[in-house]
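Residue numbers (this note's numbering), protein chains in the order written: chain C, 1 to 130; chain P, 1 to 487.
These aren't lab readings, by the way, just hints derived from the structure by calculation.
Just so it is clear, CB atoms sit at the ideal spot from N, CA and C, and this is done for glycine as well.
Among these hints, one or two may not hold up.
With a straight-line Cα cutoff of 30 Å, these simulated DSS-like cross-link-like pairs (lysine-lysine) come out [as the list claims (entries may be wrong)]: (1) P:Lys-454 with P:Lys-4; (2) P:Lys-197 with C:Lys-12; (3) P:Lys-248 with C:Lys-65; (4) P:Lys-309 with C:Lys-65; (5) P:Lys-178 with C:Lys-12; (6) P:Lys-123 with P:Lys-384; (7) C:Lys-65 with P:Lys-4; (8) P:Lys-117 with P:Lys-248; (9) P:Lys-471 with C:Lys-65; (10) C:Lys-65 with P:Lys-178; (11) P:Lys-456 with C:Lys-65; (12) C:Lys-12 with P:Lys-248.
If you only want the chain C side, here are some residues facing chain P, beta carbon under 8 Å, derived [claimed, not checked]: (13) Glu-44; (14) Leu-45; (15) Pro-46; (16) Lys-65.
Ranges between beta-carbon positions, derived for each pair [unchecked claim]: (17) P:Asp-469 with C:Gly-98: 47 to 57 Å; (18) C:Ser-118 with P:Lys-178: 30 to 40 Å; (19) C:Ala-86 with P:Gly-166: 18 to 28 Å; (20) C:Thr-51 with P:His-94: 54 to 64 Å; (21) C:Ala-53 with P:Asp-435: 46 to 56 Å; (22) P:Ala-364 with C:Glu-99: 37 to 47 Å.
Here is how the chains run, residue by residue.
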Amino acid sequence: MSNVPGDLKYSKDHEWIRIEEDGTCTVGVTDHAQAALGDLVFVELPEVGSTLAEGDACAVVESVKAASDVYSPLTGEVTAVNEALADAPELVNTDAYGEGWIYRMSLDSEGEVEELMSAEEYLALLEDQD
Amino acid sequence: MTEKLIFESSREGRRATAQAPLRQRVDLPDHLRRNTPPLLPQVSELQTVRHFTRLSQMNFSIDTHVYPLGSCTMKYNPRGCNTLAMLPGFLARHPLSHESMGQGFLQTMYELQDMLKEVTGMKGVSLTPMAGAQGEFAGVAMIKAYHDARGDSARNEILVPDAAHGTNPATAVMCGCKVVEIPTDDQGDVDLEELRKAVGPQTAGIMLTNPSTLGVFERHIEEVRGIVHDAGGLLYYDGANLNAILGKVRPGDMGFDVIHMNLHKTFSTPHGGGGPGSGAVGVGERLLPYMPIPVVGKDGDTYRWLDEKDIPGTIGRLSAFMGNAGVLLRAYIYMRMLGRDGMSRVSEYATLNANYVMVRLRDAGFDLAFPRRRASHEFIISLKRQARELGVTAMDFAKSLLDYGFHAPTTYFPLLVPECLLIEPTETEAKEDLDGFVEAMVAILAESAHDPEKVKGAPYTTPVRRLDDVKAARQLDLVYNPASADA
Numbered sequence: 001m002s003n004v005p006g007d008l009k010y011s012k013d014h015e016w017i018r019i020e021e022d023g024t025c026t027v028g029v030t031d032h033a034q035a036a037l038g039d040l041v042f043v044e045l046p047e048v049g050s051t052l053a054e055g056d057a058c059a060v061v062e063s064v065k066a067a068s069d070v071y072s073p074l075t076g077e078v079t080a081v082n083e084a085l086a087d088a089p090e091l092v093n094t095d096a097y098g099e100g101w102i103y104r105m106s107l108d109s110e111g112e113v114e115e116l117m118s119a120e121e122y123l124a125l126l127e128d129q130d
Numbered sequence: 001m002t003e004k005l006i007f008e009s010s011r012e013g014r015r016a017t018a019q020a021p022l023r024q025r026v027d028l029p030d031h032l033r034r035n036t037p038p039l040l041p042q043v044s045e046l047q048t049v050r051h052f053t054r055l056s057q058m059n060f061s062i063d064t065h066v067y068p069l070g071s072c073t074m075k076y077n078p079r080g081c082n083t084l085a086m087l088p089g090f091l092a093r094h095p096l097s098h099e100s101m102g103q104g105f106l107q108t109m110y111e112l113q114d115m116l117k118e119v120t121g122m123k124g125v126s127l128t129p130m131a132g133a134q135g136e137f138a139g140v141a142m143i144k145a146y147h148d149a150r151g152d153s154a155r156n157e158i159l160v161p162d163a164a165h166g167t168n169p170a171t172a173v174m175c176g177c178k179v180v181e182i183p184t185d186d187q188g189d190v191d192l193e194e195l196r197k198a199v200g201p202q203t204a205g206i207m208l209t210n211p212s213t214l215g216v217f218e219r220h221i222e223e224v225r226g227i228v229h230d231a232g233g234l235l236y237y238d239g240a241n242l243n244a245i246l247g248k249v250r251p252g253d254m255g256f257d258v259i260h261m262n263l264h265k266t267f268s269t270p271h272g273g274g275g276p277g278s279g280a281v282g283v284g285e286r287l288l289p290y291m292p293i294p295v296v297g298k299d300g301d302t303y304r305w306l307d308e309k310d311i312p313g314t315i316g317r318l319s320a321f322m323g324n325a326g327v328l329l330r331a332y333i334y335m336r337m338l339g340r341d342g343m344s345r346v347s348e349y350a351t352l353n354a355n356y357v358m359v360r361l362r363d364a365g366f367d368l369a370f371p372r373r374r375a376s377h378e379f380i381i382s383l384k385r386q387a388r389e390l391g392v393t394a395m396d397f398a399k400s401l402l403d404y405g406f407h408a409p410t411t412y413f414p415l416l417v418p419e420c421l422l423i424e425p426t427e428t429e430a431k432e433d434l435d436g437f438v439e440a441m442v443a444i445l446a447e448s449a450h451d452p453e454k455v456k457g458a459p460y461t462t463p464v465r466r467l468d469d470v471k472a473a474r475q476l477d478l479v480y481n482p483a484s485a486d487a
């Protein structure tokens, strides 16, 4: 069964979102997503300073099986990206919720956070899809 | 058993007479001639012959093995096509020779254009795209040119079903369009409600493969055509799966405005390994003014190249001359050998073979991705259940099939179906060979239950065992470097 930490928010496209103390959000792909993709060989990161609308394709995770878009779960501006993934895309596989984070963004509207799924809701979605 | 690179056998001064360059007078000025030898390996003729013969013996190919690689249509390439395409008059013809010197060649190309028009129901054909991806590019470039010519340039969205080949969205992006993905319903058809929501004054067109990569015929094609045309968009037919409908249904009759044909699939020219392909395009009335050049035309009894003067709205040239002539000739001969009736037999046997294998695998306990649908020329099984229960994946089945003497089907594509194998036997396999494939699958399934570790370790009989594909992708190493070989 996939690891779904209770303190994070989730999107239907298998991204996780952590609300940081300074009000920004960190985004990555879930343990379920990395397991489905298999060993990653490349991560294309968004550009710092670019503005994203909710649902925009903003990054690409590529494994030997498939290349998959990462969709921005929220609207805002990219404030940081995980440069370490350029040389070590496998961090997404080994530590999806930690060192495998993809980018950080500021939020235009905190209301959007309410739309995201809780851990329980995301688990239910995974069971549904199975 | 592995084979050294031929560069590793190189010794200073060793020569192969058959490969030595001809010492003949050339008219190039001195300053344009190279005076250093090319960096070719220095090996004897016999070393060269043995090296390449051994490599060819390691191949899994259509000439040696059943090759049910879904979506690739790896059918037999009749030897007669090679023989006739290599007649001296074709081989020695220079692409810049005068039209009067190559009327025979031009006539074959003119007739090939006509046959492709007839079999697809389109109004014009250009043979110039060098491969499927370039055919796609030409197709969408023509759609853009059509909208631009009407002052309708705001149309910049291309709709692509989520079952599409990856080349479709790539093509749209290369043509400066935005890709809008359309979901598929649970029976493998385009989701019409979502399509209706997606179309509008921004819609340039839709790219559709029919039958789709899910191995089923799009049943709502007429509604799809209506929705897209009513919104002002055009319909693009990806010809990847044309083999399934050859001589039965024509894309032109389905309402498509443009099609690319992979002659290396449907019309049986050799393919794979990045060799020369052919992505001929066919167009309906609306796109005739934009066809890529050159096209072969006919004035009275004389054939000639049509260029910018004849087709002023053309999207232009896609290659130095006109496509891969040798490939086009093989397709022409193949079609002439089949004749009109033969075209229908291609699709009949391709679909019969696919459905036969599908039903036998279903009865043997495999899960079909679309159990309620009849297969087209290919079908999908999902090994999700086996992966969960036995820990044996689609990739393990694929590798294990090699030990049974079968090329693996396409794995993990389309992306919509987890742990999938996309199986396309083609029309050229005998029933015993199809049965052999089914028996191999059944044997692997049995092995997966009582000795899953063995299946996970396959292949055991191939020159190279399981490759580290992750390492290969992360640490690309494509260039031979003598210094590193000595180290």
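Structure-based check of each hint:
A threshold of 30 Å between alpha carbons decides the hint, and for Lys-454 of chain P with Lys-4 of chain P the separation of about 29 Å falls inside it, so the pair holds. At roughly 20 Å between alpha-carbon atoms, Lys-197 of chain P and Lys-12 of chain C fall within 30 Å of each other, so this suggested pair holds. Pair hint Lys-248 of chain P plus Lys-65 of chain C does not hold up; C-alpha atoms about 35 Å apart against a cutoff of 30 Å. Distance hint between Lys-309 of chain P and Lys-65 of chain C is unfulfilled; the C-alpha atoms sit about 47 Å from each other, more than 30 Å.
For the proposed pair Lys-178 of chain P and Lys-12 of chain C, the alpha carbon gap of about 23 Å is at most 30 Å, so the pair holds. With a C-alpha separation of about 45 Å, the suggested pair Lys-123 of chain P and Lys-384 of chain P falls outside the 30 Å cut-off, and the hint is violated. Pair hint Lys-65 of chain C plus Lys-4 of chain P holds up; C-alpha atoms about 29 Å apart against a cutoff of 30 Å. The straight-line distance between the Cα atoms of Lys-117 of chain P and Lys-248 of chain P is roughly 14 Å, inside the 30 Å bound, and the hint therefore holds.
A distance of roughly 13 Å separates the Cα atoms of Lys-471 of chain P and Lys-65 of chain C; the hinted pair therefore holds under the 30 Å criterion. A distance of roughly 25 Å separates the Cα atoms of Lys-65 of chain C and Lys-178 of chain P; the hinted pair therefore holds under the 30 Å criterion. Between Lys-456 of chain P and Lys-65 of chain C the alpha-carbon distance is near 17 Å, which keeps this suggested pair within the 30 Å criterion. With a C-alpha separation of about 41 Å, the suggested pairing of Lys-12 of chain C with Lys-248 of chain P is violated against the 30 Å cut-off.
Checking Glu-44 of chain C against chain P by beta carbon gives a least distance of about 14 Å; that is not within 8 Å, so the hint is violated. For Leu-45 of chain C, the interface hint is violated, since its Cβ never comes within 8 Å of a Cβ in chain P; the closest pair sits about 16 Å apart. For Pro-46 of chain C, the suggested interface contact is broken, since its CB lies about 17 Å from the closest CB of chain P, more than 8 Å. Interface hint at Lys-65 of chain C: satisfied, since its Cβ lies 5 Å from the closest Cβ of chain P, which is below the 8 Å cut-off.
A C-beta distance of roughly 26 Å is found between Asp-469 of chain P and Gly-98 of chain C, which places it outside the suggested range of 47 to 57 Å. Taking 30 to 40 Å as the suggested C-beta distance range, the pair Ser-118 of chain C and Lys-178 of chain P conforms, at roughly 33 Å. Range check, Ala-86 of chain C to Gly-166 of chain P: about 23 Å between beta-carbon atoms, so the 18 to 28 Å window is met. The hinted window of 54 to 64 Å between Thr-51 of chain C and His-94 of chain P holds, with their beta carbons roughly 56 Å apart.
Distance hint check: the CB atoms of Ala-53 of chain C and Asp-435 of chain P are about 55 Å apart, consistent with the given range 46 to 56 Å. Restraint check, Ala-364 of chain P to Glu-99 of chain C: a C-beta distance of roughly 45 Å satisfies the suggested window 37 to 47 Å.
In terms of the numbered hints stated before, the structure departs from hints 3, 4, 6, 12, 13, 14, 15, 17, listed from lowest to highest.
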